[in-house]
Amino acid sequence: MNALRLAFGLLTAVPVGRLPHVDRRSAAQAVLLAPVTTAPLLVLLVLAHTAVTAGAPPLVLAVVVLTAGALLSRAMHLDGLADTADGLSAGYDAASSLRAMKASDTGPSGVAAVVLALLLQATSLAALLPSTWGTALAVAAWLASRHSVAWACRRGVPAAQDTGLGALVADSVGRAALGLAAAAVAACSVALGVVARVAANSVAAQGGSPRGLPVGVVGVVAVLVVALASAHLLVRRCRHRLGGVTGDVLGAGIEVALTTGLVTAALLVSL
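Going by the working numbering, the first residue of the sequence shown is number 101, and it counts up by one from there.
Hints are supplied without guarantee of correctness; some may be wrong.
Using C-beta positions, here's what the derived DEER-type ranges look like [unchecked claim]:
#1 104 - 154: 29 to 37 Å
#2 153 - 276: 25 to 33 Å
#3 255 - 157: 41 to 49 Å
#4 170 - 367: 42 to 50 Å
#5 146 - 367: 18 to 26 Å
#6 117 - 171: 42 to 50 Å
#7 287 - 104: 13 to 21 Å
#8 195 - 140: 36 to 44 Å
#9 255 - 155: 45 to 53 Å
#10 258 - 205: 25 to 33 Å
#11 155 - 122: 29 to 37 Å
#12 122 - 170: 40 to 48 Å
The set of hints was computed from the structure by calculation and includes no laboratory data. Just so it is clear, the structure is predicted and the values come from calculations on it, not from any experiment. For glycine and all other residues, C-beta sits at the position ideal for the given N, C-alpha and C.
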């Protein structure tokens, strides 16, 4: 329970009260539980899907969901994306990049990264909300985005600095725990995708046997793989430039994974 409270305290604006002493063990457990912090947004996604099927404009509700997500996270992940983009475009050494990431202002690279990410997220989510399967894929993208933090904090990935969130959680997640967390996220996402696909096909067939079930499973797996792979590439680039990860890099990984996951899901639904 302490790790769960810590996960909500680190990644959301949900009040969790005063936490006991936080060590690396509890921080690693909190990182592994990061996908659980999406629960309020997942409920909102289902409500948005219901409203869209009743005739509400999907783009408006997509923006509402993203706004709620920004409020729930205090826009920390978007801030991390902006700072990381500024850092990676500032000079060619770790010192100048970290200095740019710490600056209070946001440069053109950071503004462009946030604007483009939100545009892709909003338009992709608008294409997903009208269908049950599309909403399930959106849920998978959200789960994958938070699970990307565990991969960024796995053993062997150092912190870029000695202080801050990165120093607390970097290099803290063991392989066995990471494997179990990945299996849990995949199982939940695939189960949800199968249920949604069966429901959609049952309606289409008017009570007949469901079709296209393998496509549903492959679609969910594709969203998970693309989202996590994109976050991994970002972390790899930051390790090369910064020497490790920071809290900003973790937030940027969340936004990159969410964006690529939603875009992949939208393309799958359109096809």
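Outcome of the hint check:
no.: 1; hint: 104 - 154: 29 to 37 Å; verdict: 34 Å, holds
no.: 2; hint: 153 - 276: 25 to 33 Å; verdict: 42 Å, violated
no.: 3; hint: 255 - 157: 41 to 49 Å; verdict: 46 Å, holds
no.: 4; hint: 170 - 367: 42 to 50 Å; verdict: 24 Å, violated
no.: 5; hint: 146 - 367: 18 to 26 Å; verdict: 22 Å, holds
no.: 6; hint: 117 - 171: 42 to 50 Å; verdict: 20 Å, violated
no.: 7; hint: 287 - 104: 13 to 21 Å; verdict: 19 Å, holds
no.: 8; hint: 195 - 140: 36 to 44 Å; verdict: 39 Å, holds
no.: 9; hint: 255 - 155: 45 to 53 Å; verdict: 50 Å, holds
no.: 10; hint: 258 - 205: 25 to 33 Å; verdict: 28 Å, holds
no.: 11; hint: 155 - 122: 29 to 37 Å; verdict: 47 Å, violated
no.: 12; hint: 122 - 170: 40 to 48 Å; verdict: 25 Å, violated
In this structure, the earlier hints numbered 2, 4, 6, 11 and 12 are contradicted, and the remaining ones agree with it.
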